[in-house]
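The residues making up each chain are set out below.
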Amino acid sequence: MVANGKEIDPVGRQICSPMPACRINLLVLPFQVIAVPIKQSMARKEIENEITLTMNGSPVSGRAGMTILEVARENGIDIPTLCHVSRLPPSGVCRLCVVEVAGSRTLVGACHTPITEGMMVATHSPKILAARKILVELLMASHPDSCLICDKANICELRNIAADLEIGLPRFRARKHYYPLEYENPNIIRDMSKCILCRRCVVACQDLKGERLFSVAYRGFESKVVSGCDQPVDKEACQDCDECITLCPSGALRRPRRPGEERAKKALFIKG
Amino acid sequence: MSQQAISNRHGEQDLIGRLKEAQAKFGHVSEEVMAELARSLDIPINDVYGVASFYSFLSTQPLGRNIIRICQSLPCYLKYGQTIMESVAQEIGIIPGETTADGKFSFQLTNCIGLCDRAPAMMINYDSHVDLTPKKIAQILGTYK
Chain A
11 MVANGKEIDP VGRQICSPMP ACRINLLVLP FQVIAVPIKQ SMARKEIENE ITLTMNGSPV
71 SGRAGMTILE VARENGIDIP TLCHVSRLPP SGVCRLCVVE VAGSRTLVGA CHTPITEGMM
131 VATHSPKILA ARKILVELLM ASHPDSCLIC DKANICELRN IAADLEIGLP RFRARKHYYP
191 LEYENPNIIR DMSKCILCRR CVVACQDLKG ERLFSVAYRG FESKVVSGCD QPVDKEACQD
251 CDECITLCPS GALRRPRRPG EERAKKALFI KG
Chain B
3 MSQQAISNRH GEQDLIGRLK EAQAKFGHVS EEVMAELARS LDIPINDVYG VASFYSFLST
63 QPLGRNIIRI CQSLPCYLKY GQTIMESVAQ EIGIIPGETT ADGKFSFQLT NCIGLCDRAP
123 AMMINYDSHV DLTPKKIAQI LGTYK
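Protein sequence lines, in the order shown, are assigned to chains A and B.
117 is the number that the working numbering gives to position 107 of the first sequence; each next residue is one higher, with no gaps.
3 is the number that the working numbering gives to position 1 of the second sequence; each next residue is one higher, with no gaps.
Treat the hints with care, since some could be wrong.
[To be verified] Lysine-lysine pairs mimicking DSS-like chemistry, simulated, CA-CA at most 30 Å apart:
no., chain 1, residue 1, chain 2, residue 2
1, A, K234, B, K27
2, A, K245, A, K219
3, A, K234, B, K147
4, A, K186, A, K137
In case anyone wonders, no lab produced these hints; they're calculated from the structure.
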């Protein structure tokens, strides 16, 4: 807007910057914006087959074959997971790592979705946070309320994530599982009522030990991780390896506590 | 990554076919049969048990001579499938999941058997019975020995 030969803005204040400077900026800026990124990205692509994508609005890059979760963790974005173990193949069953990908009809699991060029990913949008919260709430709703006496309470991943996502008192009334404690094996105690069916023990036994002692049996709500024909874990086959026990995100698997042994780690402090 | 997950499962090819064969031959898949299958296919017995316990047409427990499967899915429910279940239970005196003492009938509930157009429906062995009413039950069950 021009008044009395001087430029003013609509409110009436005089605009300070003189016109010539504005013109120079406008002319120079486009060249800077276009020229610099092209040079950088081309130089990088020559090194390895790099893929650039947008995560939460900022550009990130990864190598071909990486999953969204791997790229996110490399860039310091925290996506919670319960079933994923970085050194094992992804099973994608806990659905906690779901993210929004532009153009995808549904939320996709970050731990098993490979990145593609130009992908637009949102990892913490309100929709995703709501989905994650409900998933953990449902897990907690059918989880026995025995955290106070649980051996793994202080190192429980499920409890940690529930605290992190600020899951309050249960909103849902879900059926709970009641399975007898399996303590016949001197190396492992299994409490399947605490199992969240993440299948980490199934994959760990197979891929880390080559034993394949566990499988998922039955269907739907009755699904359960079994050994043999739903029998106690074989004493001969399961030898003190502890792989599945350390990986178990809940208190379902634990090592029998020897007399005088203390609980693992300090008490977990819950937020809020 | 996903390729690794698939290739681990190659050994289980045709497991379902063999389990079906065992089911047809012996009436149920016993633990001995599962152990034998696991040995011949070189897979752990828990994997065989996992598959056998997943499918409702495979049974790990001995069953009666005739297996009654009543559909419990929505279309049959809306056409009063509950009354059919009740009248079958009354007729043979057992509840779903049980086998009669004389080993004549096993009573199970199943999910959709694809006969929704003529609901309520049930299957006895592999014969389908459709448009059921409580009155028809006694006559249908009488044809099985």
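Indices of hints not satisfied (ascending): 3
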